[in-house]
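Now that you have both chains on their own, put them together as the hints suggest.
Read top to bottom, the protein sequences are chains V and W. Quick note, the first sequence lines up with residues 88 to 341 if you use this note's numbering. Quick note, the second sequence lines up with residues 54 to 208 if you use this note's numbering.
Note that these hints are calculated values from the structure, not bench results. Mixed in with the good hints there might be a few duds.
So, partial list: chain V residues that the calculated Cβ filter (under 8 angstroms) puts toward chain W [as the list claims (entries may be wrong)]:
| no. | residue |
| --- | --- |
| 1 | Ala141 |
| 2 | Leu143 |
| 3 | Arg152 |
| 4 | Gln232 |
| 5 | Met301 |
| 6 | Arg329 |
| 7 | Ala331 |
Glycine residues also receive a C-beta, built at the ideal position from the N, C-alpha and C atoms.
This is what each chain is made of:
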Amino acid sequence: MADDEERLAALIDNELDEDEKSALLSRLAQDEGLRNRLEALRQDRARLVASLDALLAQAPLARLRAAIPTADAELPPHPKRASIGWLELAAGIVIGLLLAGAASWVGFGGVLGPSRETWRTAVIEYMDLYTPDTFALWNPDSAVQARQLQAVSAKVGVDITPEKVAVAGLRYRTAFNFSYDGDALAEIAYTDAGGSPVLFCVIANGKPNAAPRMVAREGLSYVTWSRGGRSYMFVGRMPEQRIAELALPLTTHF
Amino acid sequence: MRLGLEQCLARLWRYAVVLSSSRDAADDLVQATCVRAIERADQFAPGTRVDRWLFTILRSIWLNEIRARRVREAGGLVDAEDALTVDGAHEMEVNILTAEVLRAVGRLPEAQRETALMVYAEGYTYAEAATALGVPIGTIMSRLAAARAALASLK
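Okay, chain W solo, but in the shape it has when bound (with noise of 0.2 angstroms):
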C-alpha cells in the first residue's frame, strides 16, 4: 500500500486542494488519508485500482471530518479561488494563464470542482464520476457545463 501512496501522493494532494481550497487542510487530508490506507490496506481489492480507491478514502475524510470541522470551528469554507493558484515567481510568465484557469475553477462550487478534476484530469467517464460521487450522469453533465461556462468568460 505504501507503494500505492507513494505513486499517488501528487495526485491526492491535488484532489485534496481542490476539494479543501487549502493547502494546509489538503496536507492534513493527505496525511489522513495516507494513515487510513494503510490501516485497511487488507480492504484493498487487488487487481482494481489503487489510485480510486485512495480517492475515496480521501474524500470520505474530507465529508465525514475534515469538512465538518472546518464548518464547525470557521462558521463555513473559505474561497477556493487563492488556494488554486501556482506558486513560483520563475513561472509566473507561462503560467498566467493556467493561474488564471484555476482561479475560475477555484471560484466554482465546490462538486462542480470536484466533478472537473475527477473527468478531466483523473479521466474518470462519466459513469464513473457519478458512481463516485453518488449522483445521476445528468448532474454530472451539468456540473461540467458549468465548469466549462466559468473558463469561458476568461475569455
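If we strip away everything but chain V, and leave its shape as in the complex, we get (with noise of 0.2 angstroms):
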C-alpha cells in the first residue's frame, strides 16, 4: 500500500486485508486530519458513481434494443393447430387434467407424437387453451403449496421451495407433475394481477447448459435455459422486457 491516501481509498473500497484495516481505524480513531481525508474520499467517490450512474439514464436503449439480433436456432415455430379433431382432443384431455387437479402429460404427449418440435412448444400449445378463469379458483393456501412444490420436485429432482419459486407481481396458483417424452415436466402455475396465467416449467431432459436467452412471439415471450441437467422455461402472455424483468429471481435461483 503505498500511502495514506490509498490506503484511504482501499478502506473505503473494502479493500484492505483485517489487519491493514484495524491498523487504520486505529490511526483514524486518533487523528482528525486522517479522519477529514476520509470524508473527503468518500464524497468524491460518492459524486463519481453518482455521475456515472446518471449516464445510464442517456442510454438510447430503444435504438439498443432494436439491434440485438433476434435470430435464434433454437427457436420453436409457433404452432399452428392442424386439425379440428386434435384441438377437441387436447381440451378434453386439459379439462380431465385440471378436474384431476394434477396428472401426467404421457397421454397428451403420445397423442401428440414425435411431431412436437420441443417440449416448449407442447407447454405453449396447452398455454392456448388457458384463460384468465382457467386458475381463478386455484387458491392454495401455504401447507398446500409446500406439498405440491415437493411433489414436483421430487418428479423432476430440483429442490423448488416456494420461496425459490416466489415471484413479486405473480399469485402462485398450483403445481403439476407432466411428462414430456418419458422426461418429467414440473408445470408450476401463476395468474398475473389481470388473471392471465404464467407458467414456470422444469424438465429433466439432460441437456447440456445453456444460457437463459429470451423470445418473444405474437405477443407471448418466454425466457429459457439448461442448467444441471435441467431445462426451464418462464412464460407468459406479456411484453419481453416484463417476462425478461419477472424471470430474474428464477434465472438467480435456477
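Encoded structure:
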C-alpha cells in the first residue's frame, strides 16, 4: 500500500485485509486530519458514482434494443393447430387434467406423438387453451403449496421451494407433474394481476447447460435456459421486457 | 443470451461511451457486442456473471476493432470530455455538478476512466479489475488515485 491516500481509498473500497483495516481504523480514531481526508474521499467517490450512474439514463435503449439480433436457432415455431380434431381431443385432456388437479401428461404426449418439435412447443400449445378463468379457483394455502412443490421437486430432481419460485407481482396457483417424451416435466402456474396465466416449467431432460435467452412471439414471451441437466422455461402473455424482469429470481435460483 | 443483453444494455452503453469517448461509436460498439454475444452464446459459462462476460466482449471489440479503426481513420482519438456529459435541459440544474464530474472524468486518459468506471460504478474489486484489464493491482490503485485527483481539482 503506497500511502495514506491509497490506504484510505482502499478502506472505502473494502479492499484492505483485516490487519490493515484494524491498523488504519486505530489511526483514524486518533487523527482528525486523517478522518477529514477519509470523509473527503468518500464524498469524491459518491459524486463519481452518482455521475456515472447518471449516464445510464442517457442510454438510447430503444435503439440499442433494436440492434440485438433476433435470430435464434432453437426458436420453436409458434404452432398452428393442424386440425379441429386435435384441438377437441387436447381440450378434453386438459379439462380432465384440471379436474383431477394433477395428472400425467404422458397421454398428451402420446396423442401428439413425435411431431412436437420441443417440450416448449408443447407447453406453449397447451397454454393457448388457458384463460383468466383457468386458475381462478386455485387458491392453495402455504401448506398445500409446499406439498405441491415437494411433489414436483421429487419428480424433476430439483429443489423447488415456495421461496425459490416466489415472483413479485405474480400469484402462485398450483403445480403439476407432467411427462414429455418420458422426461419428468413440472409446471408451476401463476397468474398476474389481470388473471393471465404465467408458467414456470422444469423438465429433467439432461440437456447441456445453456444461458438464459428470451424469445417473443405473437404476444407471448418466454425465458428459457438449461442447467444441471434440467431445462427451464418461464412463459406468459406479456411484453418481453416484463417477462425478463419477472424471470430474474428464477434464473438466479435455478 | 438476449435476456442477458437486455438486462445489461444501459451499462454496456455507459462502458462504451467511457471507452470510446463518442456516443456514435458507443452505439456501434454495443451493437457489435450484441452480435458477438449471440454468436458466441455457447461459450458463456452458466453460473458466471453475464455482465462481466459482455464487458469483456465489448472491451475486446473496442481494443481490437473499433479503436484501431478510429485511430487509423482520424489519426488519433477524440477528447472524451464532450461525450461524457448529461443531456437534457430539464435536468440542467440538478446535473451541473454531475456534468462537471463527467467532464473531469472525460479529461482522464482512457485507461484511468475505464478503471474508475469498473471499480466505482460496476463494483469490480481491485483484483477483478486487474484481471479484466490485464494489469497489476498496483496499477489499478494508481489509476484510481489519478481519477480521485481529477475530481479533487473541481473543489
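Cross-check of the supplied hints:
no.	hint	verdict
1	Ala141	holds, 5 angstroms
2	Leu143	holds, 5 angstroms
3	Arg152	holds, 6 angstroms
4	Gln232	violated, 27 angstroms
5	Met301	holds, 4 angstroms
6	Arg329	violated, 11 angstroms
7	Ala331	holds, 5 angstroms
Checked against the numbered hints above, the structure breaks hints 4 and 6 and satisfies the rest.
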